[in-house]
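This is what each chain is made of:
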Amino acid sequence: MRARGEAAAPLAALGLGALFLGERVLRASSVSWGGGALVALGLGLALVAARRGAGERAAVERVRARALGLLAAGAGLYALGTEAGLDLLRLAPGHALERILAVAWPALLGAGALTLFFAERAARQLAPVVGDVGAAAARRVSDAATRGLALSLALVFVVAVNVAAEAKNARVDLSYLRVTEPGDVSRRLVRALGAEVTAWLVFPEGNEVHARVAPFFEALREEAPARFRARRVDHALAPELVTRHRVTGNGWLVLVRGEGETEQAELVELGTELAEARPKLRTLDGRFQEAFARLTQPRREAYLTAGHRERGLGGEEEAAGERLGRFTRALRGSNIGVRRLGMADGLAQGVPADAPLVAVMGPRAPFAPEEQRALLDYVRGGGRLLVLVDHEAEGGLDLLLGGLGLRLEPGALASEESAVPRTRTEADRARIFANRFGDHPVVLAARRRSSGAAVVVERGAGLAPTEAGAEGVRWVFPARTEEEVWRDVDGDLEHDEGEARGMARVVAVTSVRAPRSERDGRVVVIGDGSFAGDDLFTYRGNFLVLGEALRWLLEGFDDGAPAIVGVTTSEEDAPIVHSPEGERLWFWATSLGMPLPLLLVALWIGRPRRRRREERRGGAAEASADSGSEADSEAGFEAESGSGSEADSGSDSEADSDPGFEADASSGSGQGQGHGHGQGSSGGAK
Amino acid sequence: MSAAAPIALRGGLLRVAARELGGLLRTPTGWLLAALVLALDALQLNGVAMGTERRPSAEVLELFLLNAAFVTEGLGALLAMRLRVDEREGDGALLLSAPLNERAVVLGRWLGALGYLALVTLLTLGLPALIFVHGKVSLGHVAAGYLGLLLVGALALSIGAAVASLARSALAAALGTAGTLGLLELGFYVARVTEPPWRMRLRDLAPVWGRFTSFRQGLLELSDVVFFVSLSYLGLLLAVRLLARRRDG
Chain V
1 MRARGEAAAP
11 LAALGLGALF
21 LGERVLRASS
31 VSWGGGALVA
41 LGLGLALVAA
51 RRGAGERAAV
61 ERVRARALGL
71 LAAGAGLYAL
81 GTEAGLDLLR
91 LAPGHALERI
101 LAVAWPALLG
111 AGALTLFFAE
121 RAARQLAPVV
131 GDVGAAAARR
141 VSDAATRGLA
151 LSLALVFVVA
161 VNVAAEAKNA
171 RVDLSYLRVT
181 EPGDVSRRLV
191 RALGAEVTAW
201 LVFPEGNEVH
211 ARVAPFFEAL
221 REEAPARFRA
231 RRVDHALAPE
241 LVTRHRVTGN
251 GWLVLVRGEG
261 ETEQAELVEL
271 GTELAEARPK
281 LRTLDGRFQE
291 AFARLTQPRR
301 EAYLTAGHRE
311 RGLGGEEEAA
321 GERLGRFTRA
331 LRGSNIGVRR
341 LGMADGLAQG
351 VPADAPLVAV
361 MGPRAPFAPE
371 EQRALLDYVR
381 GGGRLLVLVD
391 HEAEGGLDLL
401 LGGLGLRLEP
411 GALASEESAV
421 PRTRTEADRA
431 RIFANRFGDH
441 PVVLAARRRS
451 SGAAVVVERG
461 AGLAPTEAGA
471 EGVRWVFPAR
481 TEEEVWRDVD
491 GDLEHDEGEA
501 RGMARVVAVT
511 SVRAPRSERD
521 GRVVVIGDGS
531 FAGDDLFTYR
541 GNFLVLGEAL
551 RWLLEGFDDG
561 APAIVGVTTS
571 EEDAPIVHSP
581 EGERLWFWAT
591 SLGMPLPLLL
601 VALWIGRPRR
611 RRREERRGGA
621 AEASADSGSE
631 ADSEAGFEAE
641 SGSGSEADSG
651 SDSEADSDPG
661 FEADASSGSG
671 QGQGHGHGQG
681 SSGGAK
Chain U
1 MSAAAPIALR
11 GGLLRVAARE
21 LGGLLRTPTG
31 WLLAALVLAL
41 DALQLNGVAM
51 GTERRPSAEV
61 LELFLLNAAF
71 VTEGLGALLA
81 MRLRVDEREG
91 DGALLLSAPL
101 NERAVVLGRW
111 LGALGYLALV
121 TLLTLGLPAL
131 IFVHGKVSLG
141 HVAAGYLGLL
151 LVGALALSIG
161 AAVASLARSA
171 LAAALGTAGT
181 LGLLELGFYV
191 ARVTEPPWRM
201 RLRDLAPVWG
211 RFTSFRQGLL
221 ELSDVVFFVS
231 LSYLGLLLAV
241 RLLARRRDG
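Heads up: the sequence lines are chains V and U, in that order. If you use the numbering used here, the first sequence corresponds to residues 1 to 686, in order. If you use the numbering used here, the second sequence corresponds to residues 1 to 249, in order.
Hints are computed from structural coordinates only; laboratory data are not their basis. Model, not experiment: these values are computed from the prediction. Where hints are given, some of them may not hold.
Said to hold, decoys possible - Using 20 Å as the maximum straight-line C-alpha spacing, the simulated EDC-like pairs for lysine to aspartate or glutamate come out as follows: (1) U:136 / V:218; (2) V:280 / V:181; (3) V:168 / V:184; (4) V:168 / V:87; (5) U:136 / V:181; (6) V:280 / V:223; (7) U:136 / V:534; (8) V:280 / V:218; (9) V:168 / U:204; (10) V:168 / V:218.
Please work from the sequences and hints to get the whole structure.
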């Protein structure tokens, strides 16, 4: 009988092994069933032994039977969670009970296994000592089983907490370039969706690139859960999708709109290896935006005037901050193409009739009167015009602006209090912010963020209506500076007499009646030619105002869908490189300069010890006994860390630093006297 | 249990922790170890993270944090040597015979070692500060990475405490801890050749290759923080149980 009970645990262990082999390695149901039968047999043996045993023996067998019961229950629940088990229960796949079973079986199996292990271990350890089971031994086995159960419950708790944390995961992106967060424009594009779009992330399960991009699409899905979906699919498991859209492998984003014949798709390659995908991930927002806009936004064209040394069109000699790289990327990201429109393109004859928008991006040379008249006619005919202008245009747009009843105030805007510090010199006075916004749609987005957003102009010009005005034109000035801004007429950036202080209007907006057109003409004028340059366009207020201005200007074209324009969150990172001249200094300063002080402290602290060691060695040599020094040299990390190995370590031993604790301890142990405990005892013996 | 009991426990725990931390800071070995960690991190920043290629600053920081996490694991394994409580050596007899329960002994030593590890880790902050000045990385990214390093250290030390409770010598404790951490990290690679759901589970068990990934990328993920905290708790619980068993004989 005794042997029968003790065989139960090995049988159950064998059964579990067979179950694992059958399910995971051999995929043979017969092996699985055999394993299950062995577990059941083990449980049966334990139950019989518990029933037939007597006294303390029966108590031990009951502990064993309970542990095996947990184990068998776990195996049973596992069986019920399999396909065959669910069929038996007549449950559809995905039923809530399936998830409960998936959680319950490992918990029970773990609890049973640990309880059994602890109980069996205690029983086997005690067997040679007590011979047969006595009352004390039975209690020990029971206690061990309880410890095992407690540990397994702690394990279950830890697993449960982790599963819950995975399910309700929260994420905060603190990185500089937030790859995992879509930008405003991407979010707005998704929010404005009229039709369903699915983002297929073609990646294998557990791929690290997918792990990085998944939160980006999850955030977008939350913007329009009913119309935007994001799903991961393995290339091998989606033959129809990959064939239809010619996806060559894993590592692609496929944006799909519509169904059947009308289905359209845009592909974005990302890659599956993180190292190679990094550069693409950094521009994910922009790449997604471009592809998404191509799929969902009507194609529009913007005409940029040329031939007047406009910003961004000056070629290589252009200052980096004045290039229009970000601006044109933003246009591309909104499916807006860019065309040139200069004298050679027929501007003097007139603006092309199909041009939905003409933009004058900070000219620094005058427009011909014919060109200005053509632009005026275009607006009066229902055209849309964006003008970025300041005094660098040298009055080259006066005819156009005057025709619309607008003028530039003399002098560049400057301020001490509204300055945006960049160089911490007087030059910063010319870079000022304006944070007083009106109610016009062009500034509403910036106004919503009025706690932080402001438009920034550099050597900007104040805008004012002309006294004569213009027929059918009424200007609105929705962005203004503070009152203390002055107009720096002489260019010295010092406030002199005669340079008037006062609020300056830096954005002007108007609608122009166009009797011969279905649409009204619209004009937005911003008093800074470099407003859309790469430098100023990074200011949130600038890109919000410019984005909304383009959106407002493009209203009413094509299918009426609003144009969504803005910057992406994609930004180029700064490369870190060793410079040849600084390399040596950098290397030595960090590799040696930083650890050196710590090394010196170590030597300083170790000095008294070394001195004592040498003294001891000297004394030992005189006494012809060198064993003590060997003990010291072998003491190593444990001894040196103040464990008291050096019996004569004196004031620097740990024990001395805490006399109260020492007193408590020594009273109980009898070894903790002075410093001669632990390894020190070997030294003492010597 | 009287209300004074938890206070007494807390007092004992803090005294053990202070004693452990003081023990490390008063010995040359503690400072040598700190210098070694600093030198290793500086070398890996210069030689591996920055290397000879033009790498974006965020990538340099990520690589630095990844390598620093392995250095932290190594430091945790070394410190496990001190987490061993044996009546035959060191101050083990003192602790085992002191009127302190096992929780105070294990948690106190773990806290002391964690305090030391945190100090050493924070000493290396000067290295990413240089990337911060010259590149485009945020303070939040650095902070998230260092929080991750501390969590990796806490986990390594709690595993060290559990292994040290079983080990027969200090060296065995260090090797056992390093081996356990190595096995967990190896799971990340084993996961690649296994099938779901084991693939995800094995990968998620790897402290540095798996769970530290979000921290080094500047992300704070609740699930990863919970992973480190809960597993540290489990390691310490195991250490307390094992010590109790040994104390009971």
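Violated hints - listed by number, lowest first:
1, 3, 4 and 6
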